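Q: Keeping their order, the protein sequence lines are chains A and B.
Going by our numbering, the first residue of the first sequence is number 1, and it counts up by one from there.
Going by our numbering, the first residue of the second sequence is number 1, and it counts up by one from there.
Everything labelled a hint here was simulated from the structure, so no lab data went into it.
A quick note: this is a predicted structure, and the numbers were derived from the prediction, not measured.
Treat each hint with caution, since some may be false.
Said to hold, decoys possible - Dumping the calculated DSBU-like pairs for lysine-lysine here, alpha-carbon to alpha-carbon at most 30 Å: (1) B/LYS70 to A/LYS40; (2) A/LYS22 to B/LYS111; (3) A/LYS19 to B/LYS70; (4) B/LYS73 to A/LYS41; (5) A/LYS18 to B/LYS73; (6) A/LYS19 to B/LYS73; (7) B/LYS70 to B/LYS55.
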Amino acid sequence: ETGVTQTPRHLVMGMTNKKSLKCEQHLGHNAMYWYKQSAKKPLELMFVYSLEERVENNSVPSRFSPECPNSSHLFLHLHTLQPEDSALYLCASSQDQGIYNEQFFGPGTRLTVL
Amino acid sequence: AQTVTQSQPEMSVQEAETVTLSCTYDTSESDYYLFWYKQPPSRQMILVIRQEAYKQQNATENRFSVNFQKAAKSFSLKISDSQLGDAAMYFCAYRDSGAGSYQLTFGKGTKLSVIP
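Build the full structure now, drawing on both the sequences and the hints.
A: Following this line, the structure appears as structure tokens:
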């Protein structure tokens, strides 16, 4: 595997379900991100982890819970979601302290909440 | 707060022709980074080109180049010799240059179609 991978690629869940999204980066980076991409809206940054510590949390509802067990893996735990949470969830990674801090993105998980 | 505006929701270009996608941003910072990302229908977002605000010279990557006008806070992307594989959503993004600045602020995107 190369780059940033995400599983599953598609997920359908009911509002009472609990599920998790997984992201893995194979680039040796030390920062990881979760973004939400909704139709006709700019990408929204949800969480940032640097060196496995959360450094930003952009007022995301508590029904989204991130976890970063090490610098290569990032999870987004989902519970009691709402239909408006249906979106494409993108994971990204970067090398913190790099000149550009260029972010590399995964292919995303298309989430549908029924 | 910084904002990024892409005023063209959709654009089209004839194959082999040139197209320019516009982007404006608002910031009070003097040093920052600007990016253009491409998201093809397969959804993987990839970086196309990047620019540091303190560099006067416009960035170029093969067929892709930017016109960076700092005073006007404008950062347009020019695609020369357009190819079918250039069809995608294009996002303009901004980031502060300060240490610990992680936030990328994106525009809403421009959908580019390439006509054979």
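Q: Taking the hints in turn, state whether each one holds.
A: These are the hints, each one checked on the structure:
1. B/LYS70 to A/LYS40: Distance ~27 Å between B/LYS70 and A/LYS40 Cα, so the pair holds.
2. A/LYS22 to B/LYS111: holds, 28 Å
3. A/LYS19 to B/LYS70: At roughly 45 Å apart (the allowed maximum being 30 Å), B/LYS70 and A/LYS19 break the hint.
4. B/LYS73 to A/LYS41: holds, 21 Å
5. A/LYS18 to B/LYS73: It is violated: about 44 Å lies between the C-alpha atoms, which goes past 30 Å.
6. A/LYS19 to B/LYS73: The given pair, whose Cα atoms are some 42 Å apart, is violated under the 30 Å limit.
7. B/LYS70 to B/LYS55: holds, 10 Å
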